[in-house]
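**Q** Assemble the complex: chain A is given as a structure, and chain B must be docked to it using the hints.
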Amino acid sequence: MSERETISERLRATGYIADETLETALQLSLDLGRPLLLEGEAGVGKTEIARALAEAIGTRLIRLQCYEGLDATTAIYEWNYQHQLLAIKAREREEISPADIEEHIFSEAFLLRRPLLEAITQDRSPVLLIDEIDRADEEFEAYLLEVLADYQITIPELGTIPATSKPHVVLTSNATRELSDALRRRCLYTYIDFPSPERELEIVLARQPGLEAELASQITRFIAALRREDLEKVPGIAETLDWAAALAGLDVKRLDGDLAQIQSTLVCLLKTEADQKAVTSEVTSRLAGQAA
Amino acid sequence: MQAAPVSARVVGFLDHLRLNEFTIGLSESEVALSLLAGAQMSNAETTRRRLKVLLTGRRDEWNRFDDLFEAYWHARGRERPATDTKRDTKHSWVSGGSLWRRHAGSDEAPANDANADGGDIEIEDGADGRLIASERTTRMRTDLREFADPREIAEAERMALQLARAMRYRISRRHRPARRGARLDMRRIIRASLARGGEPITLLHRRPPERPVRIVIFLDVSGSMKPYSRFFLQFVKGLVCTWVEADAYLLHTKLVRVTDAVRERDSVKAMSRLALMAEGFGGGTKLGGSLAQFNDQYAKQALNSRSVAVVVSDGYDTGTPEQLAHELSRLKRRARRLVWLNPLLGWSQYEPVTAAMTAAMPLIDHFAAANTLQSLAELEPHLARL
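Protein chains in written order, with my numbering: chain A, 1 to 292; chain B, 1001 to 1386.
Excised from the complex, chain A in its bound form (with noise of 0.2 angstroms):
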């Protein structure tokens, strides 16, 4: 399928190495029309993907970051209410009909448009992120579905506005609750564990190229093995190419050389107390030596 390799290779083009699973759902997704729903712990590159997915189709990205509360005024439209006040008493003087007043201020120069209905009034189809649904409430999910069955949306003083292009919708969640089995059904899923090494070499490879091959693999290995180890917050990738970064930027070139500096550049990987406290110099070392 030569428009498979085309995704794959356009997205490696980004800087963005997926695994096959993830291309074939990105690439079923655009072909079925499908929302596509993406777990996994946090820190995995889950909003990343809709980034390059936007730069792989060369579309622009819209994103909606979800949290409790998140309701359709934030998420759809809201009328500029202080502009409207403002045009009407302005008016006032003028012997204009509350007819014509009503419908100038009801037009579409006093709408905000939200996120969501800006991505279905795109002339070319963006993607849609819809970041951390899990973070929203049941209600909101409900209406997000009535959304992406219809591909519009009514306001009472408008009407129904049809979407003009079909959003590409990427849904991602960190898991801390249950989604509604309905969501889950509209959607394509696929669940988004932290990389193997060898991946994450090529990510690192990827993201920085001055990097010395040699001391890039010693960094993968030594998070995996940080990975597997008991912490409050597990290292994602974004850290991974932090250290990367340091430890390039402190001219490092070996992980079992000068082990009081390593251990200091150890804050871009551990980002909690307890953490920082439990990976002391022996893990630190016996892990480098792992590693090595």
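Honestly, I wouldn't trust all of these hints.
To be verified - Part of the chain B face toward chain A, derived, beta carbon under 7 angstroms:
{"hint": "1", "residue": "Thr1023"}
{"hint": "2", "residue": "Gly1025"}
{"hint": "3", "residue": "Arg1049"}
{"hint": "4", "residue": "Arg1050"}
{"hint": "5", "residue": "Val1053"}
{"hint": "6", "residue": "Leu1054"}
{"hint": "7", "residue": "Thr1056"}
{"hint": "8", "residue": "Trp1062"}
{"hint": "9", "residue": "Ala1368"}
Honestly, the hints are just simulated from the structure, not real lab data.
All C-beta atoms, glycine included, are put in the ideal place defined by N, C-alpha and C.
**A** Here is chain B on its own, set in the frame of chain A:
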């Protein structure tokens, strides 16, 4: 084209998945068939991946899919141990019912007409001379062990459920209308200005909502807790629903996660599933060990900075107090508050002097009795306020 046999096999595969508790609807069948019809069958690996992406919906389905695929298409199945809960509940309703009856200590079959007396509001002039109107308050204060009559039990269960539901509603997430607050509620201002000739004279505000709380409940199901368990389970059932996030676990010789069982709408089914899960717990309670299991397996996902851990136990523990203290402190690192409900506290002259309770006391934020419905109701401010 050999469409007919292939489509039959595909439909069979989907049924095979459904039997293994996958959630697959009808539209998936159509799409799966069209996928296979259009794809080049030569690449089995790609087809497998496409079906995986299409048919799974959650992590455990994702993990199990490959084995099930192999089992069906390449007849390389493995025998699964017969713990198919969906099937077992049908059979165990009969036995589960009696298990539960034993557990609750009542010998009669549970009455289905719990609401038969609902319409009766006359004054009941019985030996105890209680008015029906105040019967509710009395029920609230009666020690739960003393409910013996199955109708009373059912009524108390209903009240526990209602209490929980009421709590749930109050812990709400949306911006609420408020008299004073940081933000102006433009929608209501404009509506109110209609009465003032279009002038926004009345200013109404919106307040950011109190952030919802995640409640994680650990229910001790050992022998001494028997009379109380079923009421707590109803209470938990009322909490563990859509709005407030809640999680429920049973503590005994080991830890069992029962959130799904408690979410079941059918009360009888839920009880029999729970009885089944609580079954086979011989021996004494291992509080520390069970909590250790929680901390290792579930804590990361179950607890966040706004969660309240509620332990319902009488504190009789066969493990070491040191282990209990250690596990409780691990729990507290992740959860904001630790609430311990001890039914024995409601008994007069009870002092928490067992070694386990003494070890746990410094770590507990709120220690309360839990032997009456009233005490359950009194939990609310502690759950809502963080």
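**Q** Could you work out which earlier hints the structure fails to respect and list their numbers in ascending sequence?
**A** Result: hint 9 breaks, nothing else.
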